Amino acid sequence: MSTDYLADAAKGVPSLHAVLVTAMPDCLLFDSWLEEGSSWQAEEIATYLGDLFRANREGLKALSSWSADMLVTIESPEHYILLKEVSNDFVCACVFGRKTALGMARLYMQRMLERIAESLPVFKVEERPRGVRVVDFLDRYAPDPHAVLLRVSLRTGVPMAALEKPESLSDEHVAEIEKTAASILGLETLNI
Amino acid sequence: MKQMRSLLAALPDDDLTFLGSSPYVYHCHHFNLFHDQTVDDALGNEQAFAVKSRAAHEASWHLLADLVKSADAVTPAERLEIAAAALPWMGHGRLALLTEKHGGTARGEYLHYGFSWQEKYGSRVRRRHPADAFAAGWAAAATEVAYDLPPGSLRCREHACFACREAACTFEVEGGGDANLDTYVGKETFERFISPATVGQNEDTVRKIAAGLKDFVAGIESDERGLVQGFGVYVTRHLANYYDQTAYDTIHMIEREKPRVTEVIEELFGESGHVCVFYTCGGILASPEWEALVGPPENDPESIVVSCTAIARGLGFGHWSIAEMVPGERLVLQASSNYEAPFYRERYGKSEKPRCYFFANAARAFMQLAHKVDWQERPQLDDALYQSLFKSNLGWDLEMTRCQTRGDEVNEVVVTRRKA
Amino acid sequence: MSRPGGAERAEAFRLTPLVPDTGCGRSRHWACHIEGRPDVATLAGCLEANGLHRRCDHPALGVFRHSRGHEIAWVTATGRIQIRVDIEVPRSERPATAARLYRSLAGALASKQSARSNT
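Chains as they are written, first to last, in the numbering used here: chain A, 1 to 192; chain B, 1001 to 1420; chain C, 2001 to 2119.
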């Protein structure tokens, strides 16, 4: 997935490897641009980086030091990864090679964001039933996603037919599958 | 290991392999982890560990008894040493047994389940329960055999596990075991329940490839860590009774206690057939070893199904044969012998319904690999491809039309293209 | 190769660039080809000089094992090479490890060629 406005924004920016726009709060990929020949999985990266941004935001809020202008910078051995909120609904991640100075990467990103923001829609993310969000979370993070609903069914006794319609699950079943999902992932609770 | 090699036996026409009288097969860690995970999901971690370690104990005890007998090992120290050397040969890692007559401890490194779980899932999931039930059962059985204790008198628990991000795996062997060594499924049992080898389509080709594979895998040695790598895939020479007992005991418990999810557990144990075919058969087909021994795989469904059938035989799954193959439409796969049915018949009697879950679903996976994978492009056999092939759009229905667990002459599965 | 001469023979043993290969372990398998067909003894000599030992003696296949668990598999008929990084190498370091093995193989082949060209 790569649309013209992202390719236009990325054009000529040195050492830029990827631009990913993640829809919040669901952390689903909205749009992406990857340099030619890239083998990265945009959906996967966008999801993880979206989660990372959300966790960072919640952490800063807990410290009473959050601001919408916050820029998250990750320095890996090969890349600078910069994350910034474009609007309430979107977070943008830019991945630069380390040939570019960090200050320049931030500058390039700021310029790109101005162009990208103009093209992003304004919408309210639909508040989805909790059962749907639990199933989506599992689909995204659980190992062996092809079998995860079967595993949940086996553990909880909730029939597959019901799990395949998570929007109609009873509160009792939602609580049960949420507990099971956390257990499958080795988590105390699900952050959804 | 010389003693293990001396125990190698086979029913060659039936494509079954044995260590002493214990049936063994080759399975990779993807299959092994998925299989154990299904037991965990069904029973909960604690009960699952008990069921798995008991099955391991029962399967291992006879092998260990055969082993010390053939080596004429008399003292406990000799016997424990033999047990410790056998596990790496099977690709299960290393286990130092520090046990005495009434129990003791054991310490594992590179144990197959914990180590491979960490490699496959460790970066995505935090595991909180130990993974090495097989090694636990092995430790209990080895101690009993070493000290001539009553079979089944000990049990073993894993207190720390590499899969839980601990440095090594530690075990405690103690009294209070409940393994039942009264019924044993060995070579003689197989001879009673299998049928004369069937002759399928492309029989000469299947037989020739399978023979080459058997020779090749028999020559593979484990490394110093006790890991066995063949065709670029980490595999175990595993005791088939372990798979059978854990699967069937678990399914029976679900049938009794949570019958409404019986189909779910059957589907999950069937899924492990998909996992095996994708990773093991697929890995073998794409490997340099296969290219050298057989030639690069072609985008020809019939040739892929022939190859997969030969691989199944080569890995000791039994005498699988192609009764009918219509590319794009239908596969009828038969097995006059496999490792599932004899165990079931001996331990549980005749079944009312077909129960060769692994065999049946492997046949479906053959068709998926044969029709949906571009072999000439040398595909990445990774999670993404697996999801795309097996998560949805699995375009094949299957029916187990005959099954030796039900008393039929052969096992037979019919795979047909799913109607839109 | 039909053209005689050391330089041409050196060309003939060149490795194609290293690319990810098929396999179930993440970033463990890497592929290249040997252009030309060195005989078994030549390649085995190169690899053994680099600390690998042959663990498969099949005439159609060489599998060489490194002391740290890495493997190099070579299909003699087609020149396919598969470099297998050991499972204990962290995922992030596997590409670099494969590249090191590749460079040492290329270097060994080149030095072998150079030695042969000079004789």
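Simulated from the structure, these hints should not be mistaken for laboratory data. There may be inaccurate statements among the hints.
Unchecked claim - Here are the simulated lysine to aspartate or glutamate pairs, DMTMM-like style, with alpha carbons at most 20 Å apart:
| # | chain 1 | residue 1 | chain 2 | residue 2 |
| --- | --- | --- | --- | --- |
| 1 | A | Lys11 | A | Glu44 |
| 2 | B | Lys1208 | B | Glu1266 |
| 3 | B | Lys1353 | B | Asp1249 |
| 4 | B | Lys1002 | B | Asp1249 |
| 5 | B | Lys1208 | B | Glu1399 |
| 6 | A | Lys11 | A | Asp26 |
| 7 | B | Lys1391 | A | Glu164 |
| 8 | B | Lys1391 | A | Glu35 |
| 9 | B | Lys1101 | B | Glu1174 |
| 10 | B | Lys1353 | B | Glu1224 |
| 11 | B | Lys1350 | B | Glu1191 |
| 12 | A | Lys179 | B | Glu1255 |
| 13 | B | Lys1258 | A | Glu176 |
| 14 | B | Lys1391 | B | Glu1298 |
| 15 | B | Lys1391 | A | Glu44 |
| 16 | A | Lys165 | B | Glu1263 |
| 17 | A | Lys99 | A | Glu118 |
| 18 | B | Lys1187 | B | Asp1374 |
| 19 | B | Lys1350 | B | Glu1255 |
| 20 | B | Lys1353 | B | Asp1223 |
| 21 | B | Lys1391 | B | Glu1409 |
| 22 | B | Lys1214 | C | Asp2057 |
| 23 | B | Lys1069 | B | Glu1188 |
| 24 | B | Lys1391 | A | Glu43 |
| 25 | B | Lys1214 | B | Asp1182 |
| 26 | A | Lys165 | A | Glu35 |
| 27 | A | Lys179 | A | Asp136 |
| 28 | B | Lys1002 | B | Glu1188 |
| 29 | B | Lys1391 | A | Asp139 |
| 30 | B | Lys1258 | A | Glu172 |
What the hints assert, rightly or not - Computed list of chain B residues with no C-beta within reach of chain A, every gap over 12 Å:
| # | residue |
| --- | --- |
| 31 | Phe1018 |
| 32 | Asp1040 |
| 33 | Ala1042 |
| 34 | Lys1120 |
| 35 | Arg1124 |
| 36 | Arg1127 |
| 37 | Pro1151 |
| 38 | Glu1203 |
| 39 | Glu1257 |
| 40 | Arg1260 |
Fair warning: this is a prediction, and the values are worked out from it, not measured in the lab. Glycine is no exception: its CB is placed at the ideal position from the N, C-alpha and C atoms.
Kindly indicate which numbered hints from before are broken by the structure, ordering the numbers from low to high. 1, 2, 4, 5, 6, 8, 10, 12, 14, 17, 18, 20, 21, 25, 26, 28, 32, 33, 34, 35, 36, 39 and 40
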